[in-house]
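From first to last, the protein sequence lines are chains A and B.
Residues in the first sequence are numbered from 101 upward in steps of one, following this note's numbering.
Residues in the second sequence are numbered from 101 upward in steps of one, following this note's numbering.
Honestly, the hints are just simulated from the structure, not real lab data.
Treat each hint with caution, since some may be false.
Same chains, same names: a pair is fine if it fits in one copy or spans any two.
Claimed, not checked - Under the rule of at most 20 Å between Cα atoms (straight-line distance), these lysine to aspartate or glutamate pairs were calculated in the EDC-like manner:
| id | residue 1 | residue 2 |
| --- | --- | --- |
| 1 | K413 | D376 |
| 2 | K413 | E380 |
| 3 | K432 | D444 |
| 4 | K433 | D455 |
Protein chains: 2
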Amino acid sequence: MSVTAAKGFTASGIAAGIKESGNPDLALVVNTGPRPAAAGVFTSNRVKAAPVLWSEQVVRGGRVSAVILNSGGANACTGPAGFQDTHATAEKTAEVLGHNAGEIAVASTGLIGVRLPMDKLLPGIDQAAAQLSAHGGEKAAIAIKTTDTVHKTAVVEGDGWVVGGMAKGAGMLAPGLATMLVVLTTDADLEAGPLDAALREATRLTFDRVDSDGCMSTNDTVLLLASGASGITPGQEVFAEAVRAVCADLARQLIGDAEGASKDIRIEVVNAASEDDAVEVGRSIARNNLLKCAIHGEDPNWGRVLSAIGTTKAAFEPDELNVAINGVWVCKKGSVGEDRDLVDMRYREVVITADLAAGSDSAVIWANDLTADYVHENSAYSS
Amino acid sequence: MSVTAAKGFTASGIAAGIKESGNPDLALVVNTGPRPAAAGVFTSNRVKAAPVLWSEQVVRGGRVSAVILNSGGANACTGPAGFQDTHATAEKTAEVLGHNAGEIAVASTGLIGVRLPMDKLLPGIDQAAAQLSAHGGEKAAIAIKTTDTVHKTAVVEGDGWVVGGMAKGAGMLAPGLATMLVVLTTDADLEAGPLDAALREATRLTFDRVDSDGCMSTNDTVLLLASGASGITPGQEVFAEAVRAVCADLARQLIGDAEGASKDIRIEVVNAASEDDAVEVGRSIARNNLLKCAIHGEDPNWGRVLSAIGTTKAAFEPDELNVAINGVWVCKKGSVGEDRDLVDMRYREVVITADLAAGSDSAVIWANDLTADYVHENSAYSS
Numbered sequence: 101m102s103v104t105a106a107k108g109f110t111a112s113g114i115a116a117g118i119k120e121s122g123n124p125d126l127a128l129v130v131n132t133g134p135r136p137a138a139a140g141v142f143t144s145n146r147v148k149a150a151p152v153l154w155s156e157q158v159v160r161g162g163r164v165s166a167v168i169l170n171s172g173g174a175n176a177c178t179g180p181a182g183f184q185d186t187h188a189t190a191e192k193t194a195e196v197l198g199h200n201a202g203e204i205a206v207a208s209t210g211l212i213g214v215r216l217p218m219d220k221l222l223p224g225i226d227q228a229a230a231q232l233s234a235h236g237g238e239k240a241a242i243a244i245k246t247t248d249t250v251h252k253t254a255v256v257e258g259d260g261w262v263v264g265g266m267a268k269g270a271g272m273l274a275p276g277l278a279t280m281l282v283v284l285t286t287d288a289d290l291e292a293g294p295l296d297a298a299l300r301e302a303t304r305l306t307f308d309r310v311d312s313d314g315c316m317s318t319n320d321t322v323l324l325l326a327s328g329a330s331g332i333t334p335g336q337e338v339f340a341e342a343v344r345a346v347c348a349d350l351a352r353q354l355i356g357d358a359e360g361a362s363k364d365i366r367i368e369v370v371n372a373a374s375e376d377d378a379v380e381v382g383r384s385i386a387r388n389n390l391l392k393c394a395i396h397g398e399d400p401n402w403g404r405v406l407s408a409i410g411t412t413k414a415a416f417e418p419d420e421l422n423v424a425i426n427g428v429w430v431c432k433k434g435s436v437g438e439d440r441d442l443v444d445m446r447y448r449e450v451v452i453t454a455d456l457a458a459g460s461d462s463a464v465i466w467a468n469d470l471t472a473d474y475v476h477e478n479s480a481y482s483s
Numbered sequence: 101m102s103v104t105a106a107k108g109f110t111a112s113g114i115a116a117g118i119k120e121s122g123n124p125d126l127a128l129v130v131n132t133g134p135r136p137a138a139a140g141v142f143t144s145n146r147v148k149a150a151p152v153l154w155s156e157q158v159v160r161g162g163r164v165s166a167v168i169l170n171s172g173g174a175n176a177c178t179g180p181a182g183f184q185d186t187h188a189t190a191e192k193t194a195e196v197l198g199h200n201a202g203e204i205a206v207a208s209t210g211l212i213g214v215r216l217p218m219d220k221l222l223p224g225i226d227q228a229a230a231q232l233s234a235h236g237g238e239k240a241a242i243a244i245k246t247t248d249t250v251h252k253t254a255v256v257e258g259d260g261w262v263v264g265g266m267a268k269g270a271g272m273l274a275p276g277l278a279t280m281l282v283v284l285t286t287d288a289d290l291e292a293g294p295l296d297a298a299l300r301e302a303t304r305l306t307f308d309r310v311d312s313d314g315c316m317s318t319n320d321t322v323l324l325l326a327s328g329a330s331g332i333t334p335g336q337e338v339f340a341e342a343v344r345a346v347c348a349d350l351a352r353q354l355i356g357d358a359e360g361a362s363k364d365i366r367i368e369v370v371n372a373a374s375e376d377d378a379v380e381v382g383r384s385i386a387r388n389n390l391l392k393c394a395i396h397g398e399d400p401n402w403g404r405v406l407s408a409i410g411t412t413k414a415a416f417e418p419d420e421l422n423v424a425i426n427g428v429w430v431c432k433k434g435s436v437g438e439d440r441d442l443v444d445m446r447y448r449e450v451v452i453t454a455d456l457a458a459g460s461d462s463a464v465i466w467a468n469d470l471t472a473d474y475v476h477e478n479s480a481y482s483s
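Chain A with its partners taken away, still in its complex shape (with noise of 0.2 Å):
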């Protein structure tokens, strides 16, 4: 159901001829309203695509009448004439729409530093907009994938009111954000200031906890989107809840199709000092290739995390570390603990908890393993 499970809102996902391959490419979703609300967070990545700085001036009015979103090429790092092809496609847009190009969000996903072919861009954007349909959530899912293998949707029903959205991502997947494109939608009738607080919190604990393989990406755009269509306006706490939620299942989807992966890691560092320390400590342990190799191999080396933690600024004792693989404390006061041969890797799933006995805060980050997949995936051709 995707971006238009919520009232208010319509869809598409066309194949414009932007990929060589034939496969859809741009996706369209329209706010219909009656009362049109959003908020967007972009990645921290300093070197930002052209569609990322357009949509942050867009995003600041505090309303989006549509995003126009394409997969096979980034626009990013292709200078003046880059900015150019992104504002040409709001223009395009805006005009298709009938709308103001100032609420024209714009997202691109693919290759760095390669202009996108706005001879076949703007034509579709005419094709996207005539196929617009209140059930066109699926197809705008379908066509913003780049190496995705499958279209990421989720939805959350509220009381009379509804969140749902669509996601890509599979690689370059790292905090601030993960890499990846995602639109929310909602039927709620919600200013842009609850709209905003509700999404920062939400992909602080979502999306930002997400490191597939420590790679951030230019392009990270995550769009909330109001359409004020249910006349109901929900408690801040019970929606952000909601937006919460859609937001965590989009997110695991993002780890569960990460480029070239076997298995997803999740990361719990419990008893740390601090909230940050404990998202420091799991990024670190996220981020050691040693382990996610071992991990691929279904080799509990607790080693390789201990060590990881001792790079880290966290406050802890070395010889007071916990750590447990799949529920078995294999490492007890930072020496041998049990039996490493009692933990079962089989399954895709691997949970890794690290106790750093220092507190009483915690953070979960999500991870991947390193596969002779992924070297092969990023290796073998530009992308």
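Given chain A's structure and the hints, the job is docking chain B onto it.
Same frame as chain A, but now just chain B:
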């Protein structure tokens, strides 16, 4: 010639049976004086192996009479019992050589979280002592290998004095220090202070800038032993330059033999606002898995370089960045530059030049590509 190139040193390397393979696994280096002095630099990982904790104390005294090194086990995360094993190793070495245990440095490398087989190691010390020779440097260098495919030695001759050394390291290679054991020797007549100054400056510019896989060891140890046997006290500058040259040579050999690597990547960051900025950017590029995969695939994917630079706090403007790969400026002013098809990446060494256009400082970081062989070597068995 290794650690016995300098006068006043003997060494040996033997198979004590610590490694199941039966390969050499125990090395002994003895300073025969007449004026022994020493300095050391150790891992900055907060989870430190027992031999690191021990040797840090020994080096603090400014005198190291001998170094006993084993491969086949890191003796890290082994608790108080593991520390006792290191202590016993130093005691036994001291007893055999007729020295004080407080002057015996110990270094270990291998799997984390496993106790050493002391019933094999201790008798091995007798055997190693019996085979000490002024020509034993080569054998010592061989005995400290783990996944190294070749042993690494280097020698620089001064005016009547010599600096020589041996190194091991192939995985867990990352700053602070790179993962390695290194023993350097000189017959120059110098006190601990000048030795320490020369060693710190040399490691900062060489081993600390080797970042094969972003993983930091629990066992890194670099020792510099002076015998005074040449009777010559060289000027600090010329001596420091010799130490730096030996370290640079060994560091280059470590990168050239890194686990599973098919490319050695020299990352030159130029025109940075500060040396710290240059190092931060170089490390970010060095650790980008997507870029490392691209280099493996001989794909001059400069977008991944910009994406890595963008995650740093270094001073730069995105639209002023220039990137060359093997001398071809594929990215100019943050956008598409020269034709990427001009880049020839057939050779093992690949040079990435990142021009931050923000100042006049620079740094060089060495890294490796990411390959299926690296994944295999680090997932197929515990190491």
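For which of the previously enumerated hints does the structure constitute a violation, in increasing order of number?
none
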